[in-house]
Amino acid sequence: MPNSPPVAPSAFMPAAPDARATSPRKRPVAARIERAHDEPAYVLHAHPWKETSLILDVFSRHHGRVALVAKGAKRPTSQLRTVLLGFQPFAASWSGRGEVRTLTRAEWSGGVAPLAGLPLLCGFYFNELLVRLLAREDAHEALFDAYHAAVAQLGADPHGLAAGVEPMLRRFEISLLRELGYLPPLDRESQSDARVNVEAHYRVDPQLGVLPWRAEQDGGAVSVYGGAHLLAIESGDWSQPGAARAAKTLMRELLHYHLGTQPLRTRQLLIDLHQL
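The opening residue of the sequence shown carries number 1 in UniProt numbering; numbering runs sequentially from there.
To be clear, the hints were calculated from the coordinates, so they are not data collected in a lab. Keep in mind the model is a prediction, meaning the values are calculated, not measured. Just so you know, not all the hints are guaranteed correct.
To be verified - Restraint-style ranges between C-beta atoms, simulated for each label pair:
id : residue 1 : residue 2 : range
1  : Pro114    : Gly164    : 17 to 23 Å
2  : Pro114    : Pro76     : 19 to 25 Å
3  : Asp38     : Arg245    : 38 to 44 Å
4  : Ala139    : Arg245    : 30 to 36 Å
5  : Leu133    : Glu34     : 21 to 27 Å
6  : Ala113    : Pro206    : 36 to 42 Å
7  : Pro185    : Ala135    : 21 to 27 Å
8  : Thr82     : Leu208    : 46 to 52 Å
9  : Gly242    : Gly72     : 50 to 56 Å
Glycine included, each C-beta is placed from N, C-alpha and C at the ideal position.
Construct all of the structure, not just a fragment, from the sequences and the given hints.
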């Protein structure tokens, strides 16, 4: 019987059976075998397991993030070596019980040029966001489609990317936060449901949403956003003067709140390149 990938032991250890008990012990119910066939997917991260295999962190369209063991994928003759590549779409089939399933088939879907330079760094940033924020087996089809579109854009015009990288980064960040319920509608006040006024100023609370900014209460302790900028971010209108800068500040604050104190490694690299 093939070995299975290691699973962390439970912190809870059941008590020893009572010798005085007379009722028969119930047979534990076996976990149901999960199967998927030709599921659109990307590899977010991979690390070696044993001598010839890999443990994959895969982002799939209908199952979300799943952990898969790719047996024999490190062998020089394995066909999986040319399929299980970062930022390359593939169709995945798997089966198994528990947290780590077994990859049974993988077929390259094609269509994306290998990433390098700035596009590769942006792709790593997307992957790190997904790994840090997206729970396992929490499907978000719209988010998968946004990731697929972003990766395709990264590979389509790598030389002309620098001028348009910030809007692309913001679009993906907005899609991610919105899909996870971390970004409120930016065109409505959260408490009154009144439409945001282009002439007014607001603050965006990570828990309470869009709130009117009042200098006497909020002072300079919070970021202030013009109503016109919030409306532009909501509609994706990056031609509005100042909207891109406001979106960068807003995304940074919301991501920092939900990511906690551990910084993103790829974010710092992009900051060093003056892109993020």
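Q: Would you pick out the hints that fail for this structure and give their numbers low to high?
A: Hints that this structure does not satisfy do not exist here, as all of them hold.
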